[in-house]
Amino acid sequence: MTTQSSDAHAAVPPFWRRTLFSTDHKVIGIQYAITAMVFLLVGFFLMMLMRWQLAYPGRPIPLVGGLLGATRAPGGIMLPEFYNQLGAMHGTIMIFLGVVPLAVGGFGNYLVPLQIGAPDMAFPRLNLASYWAFAAGGVVMIASFFAPGGAASSGWTSYPPLADIATTGQTFWLAGMVLLITSSLLGSINFITTIVQLRAPGLSFMRLPFFVWSQLVTSFLLLLAFPPLEAAAVLQLMDRVAGTSFYLPSGLVVGGKAMAVAGGGSPLLWQHLFWFLAHPEVYVLILPAMGIVAEIIANSSRKPLWGYRLMVYSVVFLGFMSFLVWAHHMFLTGMGTTMSAFFQTTTMIISIPSVVVLSSLVVSLWGGAIRFTTPALFALAFLPMFGIGGLTGLPLGLAATDIHLHDTYYVIGHFHYVVAPGTIFALFAGVYYWFPKATGRMMNARLGAIHFWGSFVTMNLIFMPMFIQGLAGMNRRLYDAGVQDPHLQGLQPWSVLQGWSAWALGVFQLVFIVNVFWSLRKGSRVDANPWQATTLEWAATSSPPPHGNFAVIPTVRRGPYEYSVPGAPADFTPQNAI
Amino acid sequence: MEIPYSTTARPDTGVTNSKLGIWLFLASEVMLFGSLFSAYVLLRVGAPSWPHGWAIMNVPLGALNTAVLITSSVTMVLAWVALKERDLSRYWLWMGFTVLLGVMFLSIKAFEYADKFQQGLYPSTNTFMGLYFTLTGLHALHVAAGVVVNTWLLGAGFTMWERDPDRLTHRVEAAGLYWHFVDIVWIVLFPLLYLL
Chain H
3 MTTQSSDAHA AVPPFWRRTL FSTDHKVIGI QYAITAMVFL LVGFFLMMLM
53 RWQLAYPGRP IPLVGGLLGA TRAPGGIMLP EFYNQLGAMH GTIMIFLGVV
103 PLAVGGFGNY LVPLQIGAPD MAFPRLNLAS YWAFAAGGVV MIASFFAPGG
153 AASSGWTSYP PLADIATTGQ TFWLAGMVLL ITSSLLGSIN FITTIVQLRA
203 PGLSFMRLPF FVWSQLVTSF LLLLAFPPLE AAAVLQLMDR VAGTSFYLPS
253 GLVVGGKAMA VAGGGSPLLW QHLFWFLAHP EVYVLILPAM GIVAEIIANS
303 SRKPLWGYRL MVYSVVFLGF MSFLVWAHHM FLTGMGTTMS AFFQTTTMII
353 SIPSVVVLSS LVVSLWGGAI RFTTPALFAL AFLPMFGIGG LTGLPLGLAA
403 TDIHLHDTYY VIGHFHYVVA PGTIFALFAG VYYWFPKATG RMMNARLGAI
453 HFWGSFVTMN LIFMPMFIQG LAGMNRRLYD AGVQDPHLQG LQPWSVLQGW
503 SAWALGVFQL VFIVNVFWSL RKGSRVDANP WQATTLEWAA TSSPPPHGNF
553 AVIPTVRRGP YEYSVPGAPA DFTPQNAI
Chain X
99 MEIPYSTTAR PDTGVTNSKL GIWLFLASEV MLFGSLFSAY VLLRVGAPSW
149 PHGWAIMNVP LGALNTAVLI TSSVTMVLAW VALKERDLSR YWLWMGFTVL
199 LGVMFLSIKA FEYADKFQQG LYPSTNTFMG LYFTLTGLHA LHVAAGVVVN
249 TWLLGAGFTM WERDPDRLTH RVEAAGLYWH FVDIVWIVLF PLLYLL
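Chains as they are written, first to last, in this note's numbering: chain H, 3 to 580; chain X, 99 to 294.
Here chain X stands alone, though its shape is the one from the complex (with noise of 0.2 Å):
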């Protein structure tokens, strides 16, 4: 039995079902860091005083963690190309660097985090520094969910090419779409806390 539109495009939707099915998941994912955000506005519009996010975290740390994981959209996007393109090893090349960017930006957190645990911050201490944990650690989580994905379609791409070039060309495109969200969040999380 085969399940229609996995790899061709329904004719009058134009979308093939994978695709449909990560725009719908972005869309939940919208409306949970949506939320988490709205938390944010009506804690900090209710907080008699509010800590400059700036005075508090590491801003070169934070900025230079925005730019790789900008890099690693960039990188991402070629990897797709090149699949489109059929040259699997250019393939392995860009994914390869954007497996390596998303682990760097787990280790720069981690690293904010120690860093934040000798200061004595903790996610007990304030409201502020109890958001920054909950939402990095939640970006966090998804960035590492990121990068289980595309390790696992950097492994598993060589037999599913052999196998079928587009079925391997659909994953990375819906698992780019991902992790372009997954930026997009961190680009506003950025300002929000270490900023603002």
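One chain only, chain H, in its complex shape (with noise of 0.2 Å):
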């Protein structure tokens, strides 16, 4: 390895090499977030799609209605069936193939190694084995929808016993499955090393910047809560492939005819599995977000952070307590009141690490002198927009109130607040702030303003209805927008909103694609520093950093946020300066 490593990089490999199967985390980090941005888009069109059909229930879609084949929607009207392989494939697409894939695989890859100060990830060819199995496990998901009967149609939470008796999509969704969980514990195995092992001298934990930690911790939660899901999708794909009945109840009737099988099995084994992975990934779809947050803030309002140690404290403890909260979710399964009033208490505990943090990062703010960057109105936004996802999450982690609530619309709005204007604008925000280090040049300010008001304003017409139509009672699934139903009729206007909503969050998106490629080739020309940032990937090395990202491994004399410090030179202290 020695030996074949340095002659391997003494001359330049051939182009696929650098590109496609480099090592180098940082062209792994690269090709992570285009590939999680493109099936970003690809769960937003089908999204796109689905609004249609809640806001004009039964008419043609236009454009691409006549596309789609009269296995989906003859004449362009979308079939329930295919409704219902959209609504499961948007959630697993945006969850597993984007956000995560991003916020880990693109983000962290690319700043871990940088901001700690190590020369690459700690196992580069395991990196590179992790990425192929991200993206083998993507083409997997989006094959399936040419399955005969379509792809997986069991909502992204495929719950038996539908799942174990759907069309082969669901084989699909499994064996994707798969692929993404190992792809997701190589790369957490490698970060974790890559932090405690690669940290450069004088980087102890309570100088690593916030956003390594986040991901450190989001690590462990992959690494942990991945495995009771991989062993789910090993019974489910028993079940469906081999005949077991390990989630098949003695006596189940389908269609009027008794299942010929064992029985014996227990739906709710399923639920319990995939819980158990399944609430912690909601803080692997946060933690990284408010990781990216805490570094603009603390940049853009030129002050240290606010609580570095207990937000530090904080996350760690949320980590801990996001593996005994899963059964909020299962609240109307029957499970019995002493265990609902366990999972209440630890919900209702977990809630306080989320407030430490977030209103750590609002005391932050106060009496900074904020430079309102592009990064910065993104990371402001999410501030209130994860405000109100948390908020309206109190309700639904009390057994109470969440019998009303479950399987409504405000289930939704609740976790679209959290993932998509919170998560998300994080994301957007860690783009404008790091495409400098990563390109050598700025992205456009003005066609950012356009894409974060444009943005900002139509997810909240998209979301903040859906806290209404819940509170009315209607079904997260229903693909009619209840338009049947007396008592819901008088919602439509609002699916209408949201459809025209949805459409004008698209052409936003279009703002900042364009934005990408205009920067590429136009944008203004930066020094390694151009944020006056205090952390090593700024402070340490040009942009874009070299292969071996430090020409001399950096030596780090202080915390992350040495901010506007009485007496020092500058409004900012590196830390590694001397």
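Keep in mind the hints are simulated off the structure, nothing from the lab. Don't take each hint at face value.
If we take Cβ atoms under 7 Å as the criterion, some of the chain H residues that face chain X in the derived model are [claimed, not checked]:
#1 L187
#2 I194
#3 V198
#4 Q199
#5 M240
Computed beta-carbon distance windows for the label pairs [as the list claims (entries may be wrong)]:
#6 H:T339 / X:R265: 54 to 60 Å
#7 X:S187 / H:V528: 55 to 61 Å
#8 X:I282 / H:P568: 53 to 59 Å
#9 H:M208 / X:I282: 34 to 40 Å
#10 H:L522 / X:I206: 56 to 62 Å
Computed from a predicted structure; not experimentally measured. Beta carbons: idealized from backbone N, C-alpha and C, even for Gly.
Combine the two chains into a complex, taking the hints into account.
So this is what it looks like as structure tokens:
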């Protein structure tokens, strides 16, 4: 390995080795980021189709309706079966192929080694394998649309017995998940080892940038929470392929006929295993976002983070607690009041560290001379948006109120506020903030502002009405937005507003795409540290950093956020400054 | 470019990258098999009746396989000790035994599977058989992966030894930790499925 790699680096490798099969964490990070953003767009496109059906139920889809085929939308009118596929795959793609790969695979891969002063990840070839396992998982997921009977259609949660008896697409879904789980397993081992082992001299744990802490906790969640889903997926795969009945109870009747299976299984087993993953998964979605926002808020308010230690202890506690709250997704399964009491207590406890982190970020702004750059706009908007998402979660965490709200649009509104204007805004903030580091060019601020304000307004117009719809009792999986239910018909104008807002949101994302390509060629060139930041990726290497990251491994002498230190020569003192 | 702490321990953490990495991997494996064992408990507790493993399974063969796997763990340690003492031919001998014992375990397992199929016992027969095939099947996949890695260490060992004996020793140690874990899983599986 030693001699091999130094020989290989001596000569410049061919183009495909440098771009597709490089072991450089920066190349892999960018690969992850581009792939994930394409998947975000695909997942969003599925939602735009669904929004047409919800706004104008039973009307032919304009423009693309004719391309969907008779099995999905005869005459351009969407079939309920196809709507179900879109719903299940929107969730799956957005979470497992979009947000997590962008937040962890993209930002984590690119930034963690740079922020800790390491030449690369601890296991570069494992990193490459991790990306390709992810890509293969993505291909399997997308291919499932062309399986007989279409893609998985049992919701992103794949509850049995429905998922056990669903069409072939579900088997693709399970196979795809096994690949994606393998990818994040390899990734999380790599991240934890890198952060523990490859910190630069002087970089103690309490000097780590908050983003690195968030990635460390996220990696532990991925490492320990994903295997139960892998186990659950293996059992469901056996049910579907080998005819076992782990999730099929005795005496199951489907379509009026008794199913020819041995029975004796438990559908609740899946829910326990699934949510044991999927609740920590929520924090996998949110922690890297908090990390990105913390970096940008400290930089743009020119102040140290308020309560850095408190924030670190909070995310560690949050990570630990996230393994003890899973059954608050299952209040309606009849698991008993004792269980419900336990899980609603842990749920209330876990809200405390989230509030601590969010409050610390808000307090950090106090008295700061805030620079309203594009990344700062997105990072600042994250705070109230994530706040709304978090607070609307409280009624769902209490068993009594959850009985009314369970499976309604209220739930959809709640978690979309957390993930869409929450996490995705943070990810956009991160793209605008670190684009100059990765490319050596600034992104256009005017287009950035259009992108921000357009997305901010339309996102709220889409998700805010969901709370009204949910409280009125609109079920989350209705494919006609409730036009056949007398008590829901009055809600139809909201669906029309949401539809048009979703399509407008799509237009504003075009502005972002144009901005990326324009800035790659025409953006103003920057030096190593255009934001006058303190952390190592800005202070100790060029933009973009060379292979191996640092000419000399930097020595760290202070904490990560020494902004506006009295008596210092500038309003920022880099971590490696003497 | 050289990744630090590949073969020497980092002073303040006291471990090499590969040792930390393999322990983290094993932690996730504990969660994987732990979930499956939980599934076993949940399904068994909820079942009105549960067959006795010893009435269905071939206990002598299972016991033999347990002995085979435990022995292979011992030979794995001896292979690593041989490397520590810089004795390549002894390493080859013990690692060769480890691989052979792994293959022997898989052969006995395959024979047991074929025997069950002949008796008309399939994963779909009942929940017990389903769990038996799923748990031992996943375990057998882990054994097979271990055999592949050990065989590779046996073959690649020669060239890596010339270049960097420390590196080979670390790899064998990491592979050994994995192999012992696979052994431990079987030690739980054997009583769970054959004796209870």
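Going down the list of hints, with the structure as the test:
A cut of 7 Å between beta carbons decides the hint on H:L187: the least distance to chain X is about 6 Å, and the hint holds. Satisfaction of the interface hint for H:I194 is found here, the shortest Cβ-Cβ separation to chain X being roughly 6 Å, below the 7 Å cut-off. Contact between H:V198 and chain X, as hinted, is supported at the beta carbon level, the nearest pair being about 6 Å apart and thus within 7 Å. Evaluation of the H:Q199 hint against chain X yields a held restraint, the C-beta minimum of about 5 Å falling below 7 Å.
A distance limit of 7 Å between C-beta atoms decides the matter here; for H:M240 the minimum to chain X is near 5 Å, and the interface restraint holds. In this structure the supplied range 54 to 60 Å holds for H:T339 paired with X:R265, their Cβ-Cβ distance being about 58 Å. Under the hint 55 to 61 Å, the C-beta atoms of X:S187 and H:V528, about 59 Å apart, fit the expected range. Between X:I282 and H:P568 the CB atoms are about 58 Å apart, so this pair conforms to the stated range of 53 to 59 Å.
At roughly 36 Å, the beta-carbon separation of H:M208 and X:I282 lies within the given 34 to 40 Å, and the hint holds. Against the hinted window of 56 to 62 Å, the Cβ-Cβ separation of H:L522 and X:I206 comes to about 60 Å, which satisfies the hint.
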